[in-house]
Each structure stands twice: as structure tokens, then as C-alpha cells.
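K.L.:
Start from the sequences, fold in the hints, and give me the full structure.
There are 4 protein chains.
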Amino acid sequence: MQRHTVITPIRVLYSDVDQMKWANHGAYHRWFEIGRAEYMRKHGLPYKSLEEMGYFMPVTELYCKFLKPIKYDDLLRIASWPSSVKKASMRFEYKLLNEREEIMATGFTHHVCLDRSGRIVRMPERLKEILEV
Amino acid sequence: MQRHTVITPIRVLYSDVDQMKWANHGAYHRWFEIGRAEYMRKHGLPYKSLEEMGYFMPVTELYCKFLKPIKYDDLLRIASWPSSVKKASMRFEYKLLNEREEIMATGFTHHVCLDRSGRIVRMPERLKEILEV
Amino acid sequence: MQRHTVITPIRVLYSDVDQMKWANHGAYHRWFEIGRAEYMRKHGLPYKSLEEMGYFMPVTELYCKFLKPIKYDDLLRIASWPSSVKKASMRFEYKLLNEREEIMATGFTHHVCLDRSGRIVRMPERLKEILEV
Amino acid sequence: MQRHTVITPIRVLYSDVDQMKWANHGAYHRWFEIGRAEYMRKHGLPYKSLEEMGYFMPVTELYCKFLKPIKYDDLLRIASWPSSVKKASMRFEYKLLNEREEIMATGFTHHVCLDRSGRIVRMPERLKEILEV
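From first to last, the protein sequence lines are chains Z, U, H and X. Each residue of the first sequence is one higher than the last, beginning at 370 in our numbering. Each residue of the second sequence is one higher than the last, beginning at 370 in our numbering. Each residue of the third sequence is one higher than the last, beginning at 370 in our numbering. Each residue of the fourth sequence is one higher than the last, beginning at 370 in our numbering.
Just so you know, not all the hints are guaranteed correct.
Where chains are identical, the list cannot tell them apart; a pair therefore holds if satisfied intra-copy or between any two copies.
For lysine-lysine, the following DSS-like pairs were computed, each having C-alpha atoms within a straight-line distance of at most 25 Å [unchecked claim]:
no., residue 1, residue 2
1, K497, K434
2, K437, K455
3, K411, K437
4, K434, K456
5, K411, K497
6, K417, K440
7, K411, K390
8, K434, K464
9, K417, K456
FYI, nobody ran anything at the bench for these hints, they're computed from the structure.
P.N.:
Set out below in C-alpha cells:
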């Protein structure tokens, strides 16, 4: 984790959990999205504003390592921080913690910066600033 | 059900099922969507083509009655047919059947017809025709 | 709404929104679940505790009326309160509000009370108390 | 891909697609699940039967590389095959193809074999056989 990591609470829903009584692996991408969105909001550039400026950050890679079973109604915290910030791409790293500070999962999403026409473009300064803190 | 009902197979996924070992109620809207989409496709007007013509059919009401528990890996069939077709709105009815022809759930979605600017408009003739068969 | 309504904030995710740029109708059941869960938690009986006591409250009916388009990153509030509380069944009502207090959607879920063997049973007193406030 | 790769059709739903008009990255895990489940079914050991024998194969890692945008109503095919089969773990590899045989995404899921008590155990012979074809 780095200095500007943002930590966001997550509550596990019934519909997140499968018949093993564990959170289904398909639920984690939402938690990563929540973490990433709150990172951007807390640093002053909500992803919605970025899109309004004409930039998009689609996910080009997703990785998750599921370390310990997460249960219904668990109150988790997701730690999110940027890494590998390049001219037109960046990575977000995630760490999912339970209430006893145990690491339940880790992962990353890789993104490219696109303009409205879908071309890869250099990311705007305002975005670069909040990612390189 | 009516004469032109379309029946589509559905396989229940692991991620559809919650810790009661039943399909979560949140999974059914996808099955309704599959049934409705296949009704339109089989009658010659895929919903995608309707959007390309400049019309949209957002869901304005959703109802589902969950009659019997649906389990992981069940092979269901969804019967879908239109009802209450008006100038600018329509309803789709759904019946979810298991392999022994038992009715597992019933429901409906109500839709309005919008143009690209989001105004309610009279539905195009081609749509009316496939709904009033 | 009734006296003991519980109001819970909801943030709309990117993955909740479809290509109409509106929250997909399939996203709402999660928000209803969040509202219902927080009602129970705030009244002292989290649903998780109810299951630990050996009782289950599966959804037997779901209804939602979609009144106005909900957009990405909207900050909503879901108002949730019980109604039609009977010996072995209950209804939860929901109202989804935006930041200007506009009603974006309304709906309900109907539930029956089951024991571990899946039989319909009279709901425990503790549950009845928090529903009949 | 290897000799015993199983190929399964996938239709992209409206609720899979986000406001970029691309399939949301959160939709792919379902397609991987479908591919993996059909691999096991076609080789004679549906995952459901494996659980009935007392074994579980939770996902311990998920990776996906999103190569080209997938659109609403696209008819994809998912190619799925096992790799890295060890005593108590295995990997499934996936390739997502569009109708013109373009590779839209690749990925893998890693799994461990557990018994009913949640301990890591040597996988049963029947499973090993269908993975080492």
C-alpha cells in the first residue's frame, strides 16, 4: 500500500454469496470498482467527471487472488491505490481486509486512457496528478 | 401462454445460487431478459435492431412470483409472450418451467416505447406486428 | 412510509448502468436487499442473526416500478419499512429517492418465514417485534 | 488451446453492457464459469456431481485480459480447457471468440480441491481423468 491509499467499507450482500456460503468470486470486481471510484473521488476527480471531460478508463486486465473465504454480512474494507502510472495507462491495486485486519484478497485492474472516439490518448494532467501523489 | 409463446432454455449458474442453495431472486430478471430477447429475435425483430431503428423499450415495471426453489445446474425453460400491447407500451409475461414441467416462477415486465431523445412515442409498425401475432 | 422507516444511502456503480446510460432494472433488487438488511440491523436483529436462530426469509414476490432514470454515480437513498406482517409472512416496502428528494422507484418484496427444514413456520417473537414497531 | 477444448456459445445480454456500450468487465467471470461447467459436463463429470461426491473446486485466482470491446447481443464462443493439473489444484484457461474468430479476451481461473470440511485434498481420480485428457 502507498501513502495515499484510500480505504472504503464494503458490506457483503446475500446475493454476493454462493452455496459454498462464501462470497462468489464474481462479487469482487464490484468491490474493486467501489475502491477505485472512492480513490478518485477522495482525490478530487470522480470518475464521472473524467468521463464528462471526454476521457474513459476501461479495464484492460483484471486479476484477483482469493486468499480466505468471505462470508455473508462480513464488513470488509477495501484498500485501493494506483501503481504503474504511464502516459496512457495505469494500474489500481487492491487489498481486501476483514475486521481483524486479515488480508482476504488482493488484486489489480489495469486501465488505458481513451478519448470519446475510442483512441488511446495521453491522460489529462488532472488525472496524472491524482495518480502520482 | 398464447399461441406465439417462445420457449428458451436456461441453465442455472453457480453464481446465481445463494447460501440457501436456491437461485437468488436477483437472478430471475436475467432469465426474463433472455426470454424476451429470444421472443423478439424469433419473430424477426431482435431488440438490437429496434434500437438501431431509434427505439428503446426500457422496463418500467417488474414483477416476479417465486413459486418453487430453483437449484444449481437446473435446466429450466422460460416461456415468454407479449400481452397488453398499447400504442406506446407493452407487457411481456414469463413462465419458468423445470424439466418436469412444473411452474417454478411467473412474472411480467412492463415497457414503454421511447425515441432517441427519451420521449414516449408510438411504437413502430414492425414491433406492433410481432407483439400482436 | 411509516414511523420506523430506515433510510440507507446507495451509490450507483458503473456496472449497474446499461447502454441507455440508466441503471439497469436488474440493479434494483440489490438496493432493496441493502434497505431491508439495514432495516433489520438498525432494529436490532440483523438477518444473519435470524438465520443463526434457524429462520429464513426467502423472497416469494418482487415488484418494482421504475419511475425516473437513475444515472451512474447518483447518490440515492432507499427508504425501507415492513408492511402486511402476518404469522409467517411479511412484506417490505421500498422507496428510492435521489438527492432532490424525487421518488425514482417504488417496490416491495414479499417473504415467508421458513425453518431449517424448509417448512413455513410462525415467525419468532423477536422478528415480529421489529416488524410491528 | 488443447485437443480437448470445449467450445460453448455465449449471448451478450443488455444487463452485461455498460454505458461505454461495451460488455462490462464484471460480465466475463460468468462466461468463464459457463465454459468451465460445459467442459466438465461434456467430459462426463458435471461440477454438480463433483459436489455430490463431496468435493469442491473454489476459484483461488482469476485473471482476464480484455482485448477488444464486446457489444450487446454479440454471439461469442468461449473455448475452455484445463492446464497445470496438480494433485490438489488445477487451472482452466479461456479464450473468448467473436463470430469472425477474433480473440476478444483471454484468461484463467485457478482452483483448489477441497473436501466437505474445507480441507485441501487430493482430487478424485474421475476428476483427474477428465482434466488430463
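K.L.:
If a hint holds in the structure, say so; if it doesn't, say that too.
P.N.:
Verification of the supplied hints:
In this assembly of identical chains, K497 and K434 lie within 25 Å of each other by CA distance solely across copies; the values are 23 Å between and 27 Å within a copy. For a Cα distance limit of 25 Å, the shortest separation of K437 from K455 across copies, 21 Å, qualifies, whereas the shortest one inside one copy, 32 Å, does not. Taking the shortest alpha-carbon separations for K411 and K437, neither the intra-copy value of 28 Å nor the inter-copy value of 28 Å comes in at or below 25 Å. In this assembly of identical chains, the alpha carbons of K434 and K456 lie at most 25 Å apart only when taken from different copies (20 Å versus 27 Å within one copy).
When the C-alpha separation of K411 and K497 is checked against a cutoff of 25 Å, the pair qualifies only within one copy, where the shortest distance is 15 Å, while the shortest distance between copies is 41 Å. In this assembly of identical chains, the alpha carbons of K417 and K440 lie at most 25 Å apart only when taken from different copies (10 Å versus 31 Å within one copy). For the homomeric pair K411 and K390, the shortest alpha-carbon distance between copies (24 Å) is at most 25 Å, but the shortest distance inside one copy (33 Å) is not. Taking the closest pair of Cα atoms, K434 and K464 come within 25 Å of each other both inside a single copy (10 Å) and across two copies (20 Å).
When the C-alpha separation of K417 and K456 is checked against a cutoff of 25 Å, the pair qualifies only within one copy, where the shortest distance is 20 Å, while the shortest distance between copies is 36 Å.
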